[in-house]
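Protein chains: 2
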Amino acid sequence: LIVATELRCQCLKTLPRIDFEDIKSLKVTPPGPHCTQTEVIATLKDGQEVCLDPEGPRLQKIIQKILKNAKSS
Amino acid sequence: LIVATELRCQCLKTLPRIDFEDIKSLKVTPPGPHCTQTEVIATLKDGQEVCLDPEGPRLQKIIQKILKNAKSS
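As given, the protein sequences belong to chains A and B, one line each in that order.
Residue numbers are given in our numbering: position 43 of the first sequence equals residue 30, and the series is strictly consecutive.
Residue numbers are given in our numbering: position 14 of the second sequence equals residue 1, and the series is strictly consecutive.
No wet-lab data here; the hints were simulated from the structure.
Given the structure is predicted, the values throughout are model-derived calculations rather than measurements.
Here a beta-carbon is modelled for each residue, glycine too, at the ideal position from N, C-alpha and C.
Incorrect hints may have been included.
[Stated by the list, open to error] Sample of chain B residues facing chain A (criterion: CB under 7 Å; computed from the structure):
(1) Ser12
(2) Leu13
(3) Val15
(4) Thr16
(5) Thr25
(6) Pro41
(7) Glu42
(8) Ile50
(9) Leu54
(10) Asn56
[As the list claims (entries may be wrong)] No farther apart than 30 Å at their CA atoms in a straight line, the calculated lysine-lysine pairs in the DSSO-like style are these:
(11) Lys52/B to Lys14/A
(12) Lys14/B to Lys55/A
(13) Lys48/B to Lys0/A
(14) Lys32/B to Lys0/A
(15) Lys11/B to Lys55/B
(16) Lys14/A to Lys14/B
(17) Lys32/A to Lys52/A
(18) Lys0/A to Lys14/A
(19) Lys11/A to Lys11/B
(20) Lys48/B to Lys14/B
[As the list claims (entries may be wrong)] Here are some chain A residues the structure puts well away from chain B; computed CB gaps all over 10 Å:
(21) Arg(-5)
(22) Cys(-4)
(23) Val37
All chains, full assembly: derive it from the sequences and hints.
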């Protein structure tokens, strides 16, 4: 578990890669008073929460894939 | 409030537009056993939760802006 309390930054370290199929949901938080960095937290299908690198090119692709799937349905 | 229980689809209707500045966090959920459609739920700074259209071009821009802000910081 890489997630701490909600009143400060939640991501202490990010996972280098993740499979699209494992993702149950993805939460993106822009910088705010609680934390000066953008945070991306994935909830996996097994219930685990992991942090992802907001700058990772793979993350962009995953988000696009999720939104694109919405279009095709 | 446009959000229902977590065991079925949470979005009954989507908000046509939203200001980037109002967003505290954004949750993207791909289709799954609980719901056959992609759902995007924004938590606003006032605590309100609203659903956004996953197909909306504005949403893509908002997500890109959040991830891009991460890069510039």
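Now for the hints, and whether the structure bears them out:
no., hint, in the structure
1, Ser12, "4 Å, holds"
2, Leu13, "5 Å, holds"
3, Val15, "5 Å, holds"
4, Thr16, "4 Å, holds"
5, Thr25, "3 Å, holds"
6, Pro41, "4 Å, holds"
7, Glu42, "5 Å, holds"
8, Ile50, "6 Å, holds"
9, Leu54, "5 Å, holds"
10, Asn56, "6 Å, holds"
11, Lys52/B to Lys14/A, "15 Å, holds"
12, Lys14/B to Lys55/A, "16 Å, holds"
13, Lys48/B to Lys0/A, "26 Å, holds"
14, Lys32/B to Lys0/A, "25 Å, holds"
15, Lys11/B to Lys55/B, "16 Å, holds"
16, Lys14/A to Lys14/B, "4 Å, holds"
17, Lys32/A to Lys52/A, "17 Å, holds"
18, Lys0/A to Lys14/A, "16 Å, holds"
19, Lys11/A to Lys11/B, "20 Å, holds"
20, Lys48/B to Lys14/B, "15 Å, holds"
21, Arg(-5), "14 Å, holds"
22, Cys(-4), "12 Å, holds"
23, Val37, "15 Å, holds"
Hint compliance for this structure: no hint is broken.
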